[in-house]
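Could you build the full structure based on these sequences and the hints that come with them?
Number of protein chains: 2
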Amino acid sequence: MEINRDHISSWLKNLQDHICSSLEIADGSAKFEEENWVREEGGGGRTRIIRNGKVIEKGGVLFSAVEGEAPDFLFKEKEHSTATGDKKAKPLFFATGVSIVIHPQSPMVPIIHMNIRYFEMNDGTRWLGGGIDLTPHYIVAEDAKFFHLELKKVCDKHNASYYPKFKKWADDYFYINHRKETRGIGGIFFDRLNTGNDMSFEQNLAFWKDVGSAFASIYTELIRRNKDKTFTEQNKQWQLLRRGRYVEFNLVYDKGTKFGLETNGRVESILMSLPKTAGWEYDYKVTSGSEEEKTLKLLKKDLNWI
Amino acid sequence: MEINRDHISSWLKNLQDHICSSLEIADGSAKFEEENWVREEGGGGRTRIIRNGKVIEKGGVLFSAVEGEAPDFLFKEKEHSTATGDKKAKPLFFATGVSIVIHPQSPMVPIIHMNIRYFEMNDGTRWLGGGIDLTPHYIVAEDAKFFHLELKKVCDKHNASYYPKFKKWADDYFYINHRKETRGIGGIFFDRLNTGNDMSFEQNLAFWKDVGSAFASIYTELIRRNKDKTFTEQNKQWQLLRRGRYVEFNLVYDKGTKFGLETNGRVESILMSLPKTAGWEYDYKVTSGSEEEKTLKLLKKDLNWI
Chain A
1 MEINRDHISS WLKNLQDHIC SSLEIADGSA KFEEENWVRE EGGGGRTRII RNGKVIEKGG
61 VLFSAVEGEA PDFLFKEKEH STATGDKKAK PLFFATGVSI VIHPQSPMVP IIHMNIRYFE
121 MNDGTRWLGG GIDLTPHYIV AEDAKFFHLE LKKVCDKHNA SYYPKFKKWA DDYFYINHRK
181 ETRGIGGIFF DRLNTGNDMS FEQNLAFWKD VGSAFASIYT ELIRRNKDKT FTEQNKQWQL
241 LRRGRYVEFN LVYDKGTKFG LETNGRVESI LMSLPKTAGW EYDYKVTSGS EEEKTLKLLK
301 KDLNWI
Chain U
1 MEINRDHISS WLKNLQDHIC SSLEIADGSA KFEEENWVRE EGGGGRTRII RNGKVIEKGG
61 VLFSAVEGEA PDFLFKEKEH STATGDKKAK PLFFATGVSI VIHPQSPMVP IIHMNIRYFE
121 MNDGTRWLGG GIDLTPHYIV AEDAKFFHLE LKKVCDKHNA SYYPKFKKWA DDYFYINHRK
181 ETRGIGGIFF DRLNTGNDMS FEQNLAFWKD VGSAFASIYT ELIRRNKDKT FTEQNKQWQL
241 LRRGRYVEFN LVYDKGTKFG LETNGRVESI LMSLPKTAGW EYDYKVTSGS EEEKTLKLLK
301 KDLNWI
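So the sequence lines, in the order shown, correspond to chains A and U. Each residue of the first sequence is one higher than the one before, starting from 1 at the first, in the numbering used here. Each residue of the second sequence is one higher than the one before, starting from 1 at the first, in the numbering used here.
Calculated from the structure, these hints are not laboratory results. Treat each hint with caution, since some may be false.
Chain copies aren't distinguished; within one or between two, either way the pair holds.
Within a straight-line C-alpha distance of at most 35 Å, the following computed DSBU-like cross-link-like pairs (lysine-lysine) qualify [unchecked claim]:
id	residue 1	residue 2
1	276	54
2	297	255
3	168	294
4	297	90
5	31	285
6	31	180
7	276	258
8	297	209
9	31	90
10	180	90
11	90	236
12	168	301
13	297	258
14	54	255
Shown next, in the form of structure tokens:
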């Protein structure tokens, strides 16, 4: 089969189907609602939202495939003739991806995020990007190890340099600079992957697909391990504060969110990443020796979770 | 008395005292906690936080007076010799102000924000800035009229052009562009006021002081009018969503917040503006004919509230 935009967007739609079914089974109660939307300038998306489930409080699994004139910030990067004053037609772009954020009901189940995306322009430029990262309200060492080991396996199958490189990229990307805290325990993050690292585009595409395919089994396993744990009112309060940090990251730093809001993207799809509730306490201090303190101490870059 | 930085910062500290006393009386239960902090590069602040009161759920009245080398963004504006390659010493700056955000318990009582600030550099540049804006969860026409009339009176006492000009500035500033909604019913906003509008710096300072002095009586009156109104669970849910929008404005657009986070400001003081809890629902639709719909329809620029 030829590898083109149609192949890739079909594959992503199938992935969305597969992930939604897996999450519905893991939740055991809620079903996804679907909304199809059309982008005025070209393309559209299939937004699927799940809420008020037994396990999942609020989550989205979003597919989109949009096209049109490349936005200025990309155009400028590709425009080599500005110095001579020539005006070229803006290149056309096509972008497709699946984005996921799941906020669970229980503070014992971690928040998860995944995004994989493909981008191309009509001058032949194309690349792949993606990432998965985990934000436990309470870090459980064995779960963190499991999560990173699974991602490492996916990477190692394709290229031994990928896990260390993309794990560091995630540590740097999912960082709340003003708090000097990572958002969670990281994961992997990569962007603008085409050829390179001794890999053809097709080989990188195979890696990229494996990242997307790994999501459902990793997260449903983390749900299975944690969903029946008991928790207290204090645990729920802490969950609210950690969700507050998640909101801070997404609104202040996340490039996809910023880009979407600045370019008149579909607000409800962009901000589906925000939790149903979040909280802020002035100068909240964790109690010495508490589980909250243990987690906070682990929200650092460059930790080896494996 | 000579008008200098010491005069202005002393006046602001007295204002902080006066406002805190008024708010404690209006609350009837909670007291402000005070925290003094020192800025490594020069100056510091007196942060006062009130929480879990009868009327006020979370609020801050912050005084600060900081000084040092002017940050780059100001330095560049003042630097006229870059083209010749000369290196001048960075100018020194001094900035002092009072900032307030109050989130009430009841959805029937509006959120309020005020900031007044004074800035100077050692080359003689100095200016005044400020604003007050109101964010009712439910807009009450008489309260909106009262609020804007009181601000108009303060403005008109000094300059007839100020209310229309600064009211429009507030509409434009307190705007959530991605939602195409104003944050609330606006108020007044102004920046970089020194001389001009046929006013001396001293005359503008007198206006600026009157803005600060008007805050306590305006807000305590709005508390008095609304604090005993009954409300439902639905009203509380709507309050959470409106607070979500408040968080979106502050983290995505507010210049003070962005500047503070980017320049390594004191995070807990900067983010005291965030509510104790906030919420997001995917694609929330107000019910036709509801109070929520009436409020949403009024979150527009350029309405005449008087």
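Outcome of the hint check:
no.	hint	result
1	276 <-> 54	both (14 Å within a copy, 26 Å between copies)
2	297 <-> 255	both (26 Å within a copy, 31 Å between copies)
3	168 <-> 294	within (22 Å within a copy, 49 Å between copies)
4	297 <-> 90	neither (48 Å within a copy, 38 Å between copies)
5	31 <-> 285	between (38 Å within a copy, 20 Å between copies)
6	31 <-> 180	between (37 Å within a copy, 31 Å between copies)
7	276 <-> 258	both (20 Å within a copy, 24 Å between copies)
8	297 <-> 209	within (34 Å within a copy, 45 Å between copies)
9	31 <-> 90	neither (42 Å within a copy, 60 Å between copies)
10	180 <-> 90	between (40 Å within a copy, 28 Å between copies)
11	90 <-> 236	neither (50 Å within a copy, 48 Å between copies)
12	168 <-> 301	within (8 Å within a copy, 45 Å between copies)
13	297 <-> 258	both (29 Å within a copy, 26 Å between copies)
14	54 <-> 255	within (31 Å within a copy, 40 Å between copies)
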